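Asks: Protein chains in written order, with this note's numbering: chain F, 1 to 239; chain D, 1001 to 1071.
The hints are simulated quantities; they were obtained by calculation from the structure and are not laboratory data. Among the hints, a few may not be true.
Unchecked claim - Only some residues are given here: those of chain F computed to face chain D with a beta carbon under 7 angstroms:
1. Met-3
2. Pro-53
3. Gly-63
4. Leu-66
5. Tyr-73
6. Ala-76
7. Val-80
8. Ala-112
9. Ile-114
10. Lys-119
11. Ser-193
12. Ala-197
13. Phe-199
14. Pro-200
15. Arg-208
Stated by the list, open to error - So the derived label-pair ranges between C-beta atoms look like this:
16. Ala-1054/D to Glu-235/F: 43 to 53 angstroms
17. Phe-1028/D to Asn-48/F: 33 to 43 angstroms
18. Thr-1047/D to Asn-48/F: 24 to 34 angstroms
Said to hold, decoys possible - Covered stretches of chain F, going by a simulated chain D footprint (3 or more residues, C-beta under 8 angstroms):
19. 81-90
20. 160-168
21. 175-187
Note that the structure is predicted; figures quoted are calculated from it, not measured. C-beta atoms are modelled at their ideal positions from N, C-alpha and C, and glycine is treated no differently.
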Amino acid sequence: MMMGRLLSRGMLAGVFAALLAFVFARVFAEPQVNLAIAYEAAQAALANEPPEPELVSRGVQAGWGLLTATVLYGAAYGGVFAIVFSCVYGRFSRLGARSLALWLAAVCCVVAVIVPGLKYPPNPPAVGNTETIGVRTAAYFIMLGLSFCSAMIGLVIARHYAPRLGNWNANVLGVLLYGALVAGLSALLPDVSEVPADFPAQVLWRFRESALGMQLVLWAALGLGYGVLAERVLEPARA
Amino acid sequence: MATATLKPAVAVAPVPVPLKAVVPWAVFGVLLFIVVLYFVGAEQGATALVSGHAVHEFVHDGRHLLGFPCH
């Protein structure tokens, strides 16, 4: 049952982290979303298009909707994080639970968020054509998969060469291999360039900054929180 | 005479969780992860299991901010 406890604690830490990320997003990101929506409405008015009916009010989107999406996202990543942690702990790493959790959260943040975001950065409303949503969605999830798979290959190669090259050199080799694989393979995916010519650069920049900040809050809180919770399961004498 | 027992110092190497115990949870967890990520990130965008736009509109802000393609 130890694995069940590790997994449920991962999801719990993910939910906790998501709540902090939600607060961050409310303060720093929502103003940018509102500016982007104002731009969208102004463009529609200039083109004499009737305003779209509001199925879900802005208040709900920025409140319960954002909270639900963030908490589900946090719980999902928290669960997978706990599984990865359980495979790595004591097997590929000799770090204690707390140190490993923080390290692993940093690695997961790079692999799951930062690297895919370099190719396909988060976009505010009004950026992106409706007609290309199919291609963009497919390309985004393929990029996510490429990053996960490249990281797995890097890990396997690093473990394979560790006895021959030593841990440090083998890990450097694994990271370099990850970078080369991701750079090479992502070059095969289509580039997306759909920012309207007169979209305010300031809003785009601030939106992406706050989206990145939200992820950093989420993964830092997940790593720190999960470390404490996992330590109680794995190292009760120390906790 | 009162005896005081000292906790033994912890200096043991971390004990790995047996892979046999991890696998069933991993399979279930990854499946659930994919379903949740799909509904938060992609439902009623490129593909739709539920008709309409309610799911998309409800998670709209989260979808943009968490980096999924939207619109």
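Asks: If a hint holds in the structure, say so; if it doesn't, say that too.
Replies: Do the hints match the structure? See the list:
| no. | hint | verdict |
| --- | --- | --- |
| 1 | Met-3 | 4 angstroms, holds |
| 2 | Pro-53 | 10 angstroms, violated |
| 3 | Gly-63 | 9 angstroms, violated |
| 4 | Leu-66 | 4 angstroms, holds |
| 5 | Tyr-73 | 5 angstroms, holds |
| 6 | Ala-76 | 4 angstroms, holds |
| 7 | Val-80 | 5 angstroms, holds |
| 8 | Ala-112 | 10 angstroms, violated |
| 9 | Ile-114 | 10 angstroms, violated |
| 10 | Lys-119 | 11 angstroms, violated |
| 11 | Ser-193 | 13 angstroms, violated |
| 12 | Ala-197 | 17 angstroms, violated |
| 13 | Phe-199 | 13 angstroms, violated |
| 14 | Pro-200 | 16 angstroms, violated |
| 15 | Arg-208 | 9 angstroms, violated |
| 16 | Ala-1054/D to Glu-235/F: 43 to 53 angstroms | 46 angstroms, holds |
| 17 | Phe-1028/D to Asn-48/F: 33 to 43 angstroms | 52 angstroms, violated |
| 18 | Thr-1047/D to Asn-48/F: 24 to 34 angstroms | 32 angstroms, holds |
| 19 | 81-90 | holds (count 6) |
| 20 | 160-168 | violated (count 0) |
| 21 | 175-187 | violated (count 0) |
Comparing the model with each numbered hint stated earlier shows that hints 2, 3, 8, 9, 10, 11, 12, 13, 14, 15, 17, 20 and 21 do not hold.
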